[in-house]
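Chemist: If you want the building blocks of each chain, they are given just below.
Number of protein chains: 2
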Amino acid sequence: MANISKKVSWSGRGDDRGERTPLLNGAEDGKYNRHDIVRSRLKEIPHNAKLLSLKYESLDYDNSENQLFLEEERRMSHMGFRCLETRRWVICGLIGFLTGLIACLIDIAVEKLAGYKYSAVKQNIEKFTEFGGLSISLILWAVLNSAFVMVGAIAVAFFEPIAAGSGIPQIKCYLNGVKIPRVVRLKTLAIKVFGVICSVAGGLAVGKEGPMIHSGAVVAAGVSQGRSTSLKKDFKIFEYFRRDTEKRDFVSAGAAAGVSAAFGAPVGGVLFSLEEGASFWNQMLTWRIFFASMISTFTLNFFLSIYHGKPGELSSPGLINFGRFDSDSVQYNLYEIPLFIIMGALGGVLGALFNVINYWLTIFRIRYIHRPCLQVMEAMLVAAVTATISFAMIYFSNDCQPLGQDNTEEYSLQLFCADGEYNSMATAFFNTPERSVRSLFHNPPGSYNPLTLGVFTLAYFVLAVWTYGLTVSAGVFIPSLLIGAAWGRLFGILLSTITSSQSIWADPGKYALIGAAAQLGGIVRMTLSLTVILVEATGSVTYGFPIMLVLMTAKIVGDYFIEGLYDVHIKLQSVPFLHWEAPPTSHWLTAREVMSSPVTCFNRVEKVGRIVDVLSNTSTNHNGFPVVAHTTENDEPGKICGLILRSQLIVLLKHKVFVERASSRLSHRKLQLKDFRDAYPRFPPIQSIHVSQDERECMMDLTEFMNPTPYTVPQETSLPRVFKLFRALGLRHLVVVDNENRVVGLVTRKDLARYHLGKDGLEELHLAQT
Amino acid sequence: MANISKKVSWSGRGDDRGERTPLLNGAEDGKYNRHDIVRSRLKEIPHNAKLLSLKYESLDYDNSENQLFLEEERRMSHMGFRCLETRRWVICGLIGFLTGLIACLIDIAVEKLAGYKYSAVKQNIEKFTEFGGLSISLILWAVLNSAFVMVGAIAVAFFEPIAAGSGIPQIKCYLNGVKIPRVVRLKTLAIKVFGVICSVAGGLAVGKEGPMIHSGAVVAAGVSQGRSTSLKKDFKIFEYFRRDTEKRDFVSAGAAAGVSAAFGAPVGGVLFSLEEGASFWNQMLTWRIFFASMISTFTLNFFLSIYHGKPGELSSPGLINFGRFDSDSVQYNLYEIPLFIIMGALGGVLGALFNVINYWLTIFRIRYIHRPCLQVMEAMLVAAVTATISFAMIYFSNDCQPLGQDNTEEYSLQLFCADGEYNSMATAFFNTPERSVRSLFHNPPGSYNPLTLGVFTLAYFVLAVWTYGLTVSAGVFIPSLLIGAAWGRLFGILLSTITSSQSIWADPGKYALIGAAAQLGGIVRMTLSLTVILVEATGSVTYGFPIMLVLMTAKIVGDYFIEGLYDVHIKLQSVPFLHWEAPPTSHWLTAREVMSSPVTCFNRVEKVGRIVDVLSNTSTNHNGFPVVAHTTENDEPGKICGLILRSQLIVLLKHKVFVERASSRLSHRKLQLKDFRDAYPRFPPIQSIHVSQDERECMMDLTEFMNPTPYTVPQETSLPRVFKLFRALGLRHLVVVDNENRVVGLVTRKDLARYHLGKDGLEELHLAQT
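Residue numbers (UniProt numbering), protein chains in the order written: chain L, 1 to 770; chain G, 1 to 770.
Chain L extracted, bound-state conformation:
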């Protein structure tokens, strides 16, 4: 079981290379007990949703304010800080620009490839419609689709598994403070972009919007650090920003820029970042994030306008464009509000159904489809089935519609319709999903008959559920919108047939929009940010109130059954994700019960041998060590005087900063913050550092390098209070002390993420090494 889940986890391959990712500093005895429990229960637990993985590291949003840091900050002048601030703005501008460019690249590539594919299939279909032998067209279509998807799936499955899916759950985790290995590398970006082009061009029920958010985050992480591990290139710029605090801020900006480019929704992007990531709202940071978002949508808009041959006409702010809603048709009336609420509830139910089915499917995949070649085959199968179902739908549908004057459908299929007519099922299936959504919103009343819409909803729902979680990079936003738009339009048509058709609800496009919002809200359960994204995508604020109502209803109804899709997937990966607040019923727990203890501490001046031994101990893999005044032998805990990180110790060992060498080091330069930054973020493992037997007897003085003022809490502090401090400041280690200031325990992320509110009150998740 553990083995299996490792294979398909986001970061599964990290372990294969022997890169252990140590997280916690806790009790050895205590932990063995926990592991025993876990092991003994393994057979009873059918999947790992009730486990909490220990393999994820935490990000440190709190600066280690040691002497080196303070000296550097104090040396810096007022002008120096202004310079830094300017550099932050430049970086945000760059992030926005590059993210916009990537969005542009994806858009153009998808359009070209899909264009070639649909033209080829269309010609083929037209050729065979008269003579019969349409099965050849079907095979052509299915083969083309599978080929595209195969290429994409191979890239993802064999080269960078973390590029699979939309990437939103991973970015959520990153912004929450969990380090997901390899999630913000350049290689991941390349595979992601390539993969999403393939899967959209391959006709899967996917969107290219979700991956944009991940792409933006990778761009941000790369640009802000001024170097790339994948390219092994260090540009020697922006070195000041090489720490978790700064990097996470930039990644927020990147995610926002991604949302902004995807939906043309800069404000929505900012809100997305804040909703997912910000524990501490800072005005300047928000404003910078907004700047990145604006630049991103502007860049996309500008380059697309050149591509479309109308330079300077800025009319495509995002990858998905809901089209302009006519200001008269968007009016809604008071008596429609109950209808909207009903649609919201429906969206909640359907969304929950989607999530439940996908949940079981994902567990099935975790158990049985964990080898890359199997994953590629599954993806190809889905591609072929998608083509087949689409073809069958179009073939058996007899819903012919007259071609409009302006001929808005780019790939309209005549098939068995009369001349001057086109098959309306084909507008939904024989098109990129973005175009289908737009058709459902804007085609005039009567463009679709109800049966077409019903069958389409059902078929697309099944395909979308099956598709999400495949080993291809792909988003779930557009399929959700499409399903919702279809049943929403159906709802609108039914309404206008049971009432006089000249009333205000004669326009089914409005109901398509509301349905799309309801379905998307029911699946992803985002709140404020999604409202704003949808409002910005429609380009009109008139719909704000109904969209909010619908999303709220969908969330309330959906939450009754199951969590949002992203949270389901985060749970399935057993990520120690911190929610907004501690469970309200957790006031009876205190830091004493929550913390890990006893804690491995170091003395201010510690023997090198002991440090090496502790760091090499693979059974504990602690990452943060309280530094105490005197560890007496009789196991009495010492008074806290600082906190030092594994990464810092490793740099110190590497540079052999030993007390005995201090005199000889006078000629050498002093260790600087730069040395720590250069090693960030991939500090070498302890095994790679050679320490001789002589050196083991040396002493190391940690005073200068430890954080002398770590945050501490007394043992009696209640869990919600500990949680609030930990979450608000984005901590990684929180030291628990007794009233003599002696270290008695350490609280880390997994200690807090363990408690969550189940159906019957407070539940505790089990910890597992995988």
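Hints are computed from structural coordinates only; laboratory data are not their basis.
Just so we're clear, the structure is a prediction, and the values are computed from it rather than from any experiment.
Idealized CB from N, CA, C, for every residue including glycine.
Among the hints, a few may not be true.
[To be verified] To give an idea of the interface, some chain L residues facing chain G are shown, with a C-beta separation under 8 Å as derived from the structure:
1. Glu126
2. Ile556
3. Thr585
[What the hints assert, rightly or not] In silico lysine to any residue, SDA-like type, Cα no more than 25 Å apart, as pairs:
4. Lys50(G) / Arg82(L)
5. Lys607(G) / Asn739(L)
6. Lys117(L) / Tyr395(L)
Put chain G on the given structure of chain L with help from the hints.
Modeler: Positioned in the frame of chain L, the structure of chain G alone reads:
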């Protein structure tokens, strides 16, 4: 000097009644030193912008988790928490509803009153235009204006001075965590609403939007507490929410609802609240705030639709309606962007000029116009001058325009124009400012001639500067928008004259909008929230990018000269306002330098006499007292074991919770959290509690009531680190301890607010009792 500033301060009258508002717990010796410095410098300091007042209390966003609190929380079931959550939603709904109703009331009252006034003056003017004797019309107009303004100014100056102005600076302070006396009382609301109706109807250069934000906040504070001090009524509902933490959250929602009702901008409202108030972003809280905002704009919209006789047609989401921008005319082109940036810079300069003049004017007012009757007279003078200038402008203007087909101008003046024409200066002056803004945005090209606009800009600028800060309740948003719209339109006209007039910039309305944004941004310097408010008010997201660019430029340019208008006024009141971060160059300061010490501490079991003496000491007026294990006599500080607040001690004294009475109290009920809540937020002063000589010898056990786990920091902690902890958690007292956990100092708001970044680096403000 001190005396004068007291007279005109927001909360000046609190002191007259002997209600001292103690804030800090600091060193007596140290403080006397500081005061000496302040006193000695008094003659050199021309105004109080460089002082920090000690009279403002701080709000406590951190729950005091004492035993009573924990017991109550632990008793509560999961269902209980759900109930609470539901109640929070109900309250937010109520807040939105009531705020919307108030906005509706203001709108209708202003429209009616202004309607009567303009009709009367118009008839009068028409009568006298032919026969001569227009000076009688002028007198009529001036007298009407002055009468309205007099009534409003009397209400404000004599009954509730804190209702003056827009109320936004006060709400900013409240959300920042400073308790401004009487700012959220029902009486304030009544005077505010009445005052704003009078001042807008009185034709001052003011808007009714700013006061809505204050009104929303008062509604929120009232509804969430389930009682009113002004009405002396306790509805016995929502008792759980009677503490600073909960109340401040609701006030955020109220402010957001106010913005939402004022501008029809629910998302902008949420962002305003977050920008000003949130130190900790919580998803559920944000969502609730958004709900309140939505309900508020919806309520306003709904009732206004009934008032306008078109029930259910929801087309007026806010008090100010920018009108619908035609989707073709709102297009902008790439080469216009540099123009927008230039306009932004211009807005920044003009905004800074506005703020500088208003700053000096306010200092003049603080010195010389501090008696209520003088204030009323000044307001009347401004009203008369406004009418006179307007009249003169209209009279001397010869800018006649043909009346349109639809006759959109409600009070069009023909004056000396030919039949079928109207005076275009009159559209700008003879109208409520909201209508004038809309005319400038939407009237077709050629409606105004450049000279009219130029003169209007100048005149209105002077009037608006003079008006802001008068003792009337009035906002600065609309005047700013109007000034900006006027010069923006002028800019657009000039552009189209120097180029071919058929180009894309032929539409001056677009430039009016950009100019309005630039001017408003230059004055108030809000960032993200203002962008969103303006975008929502225009109803179209197309302008998002230019508006953001313009606001950003205006802010950068304006900040070079002076702060935003609200910040200027906050500084003039010497409020200890905490910014987002500590000044970047403050790393060399540590908690040791920043804290107040020595600290008055109590023992766990303390003599009643000593408590009464400490609380009665008016020279210190501490509010929070560390509780220590043993205060030895030799002045060695004791080990911290808790923190107790003045308010808690007062409740304990009132209920005579003495150790000696514990046996006799067995029959009595135990003191509960409810007793503390009932006294919230106006705990009786210590003088009102009678303690007999016998009782002075009793002992009080504080263990059960103190917060046993206050946040502490070591002495070596750097100022930015202390600041971050304090700000992120919204603390009121932060205990500084040495490495033995002994209390050595206490950090409060004023210790942190004291340091700010001046032109030449870090500056320290002086503390003053007023």
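Chemist: For each hint, tell me whether it holds in the structure or not.
Modeler: Taking the hints in turn, this is what the structure says about them:
{"no.": "1", "hint": "Glu126", "verdict": "37 Å, violated"}
{"no.": "2", "hint": "Ile556", "verdict": "10 Å, violated"}
{"no.": "3", "hint": "Thr585", "verdict": "6 Å, holds"}
{"no.": "4", "hint": "Lys50(G) / Arg82(L)", "verdict": "24 Å, holds"}
{"no.": "5", "hint": "Lys607(G) / Asn739(L)", "verdict": "24 Å, holds"}
{"no.": "6", "hint": "Lys117(L) / Tyr395(L)", "verdict": "18 Å, holds"}
Checked against the numbered hints listed earlier, the structure breaks hints 1, 2; every other hint is satisfied.
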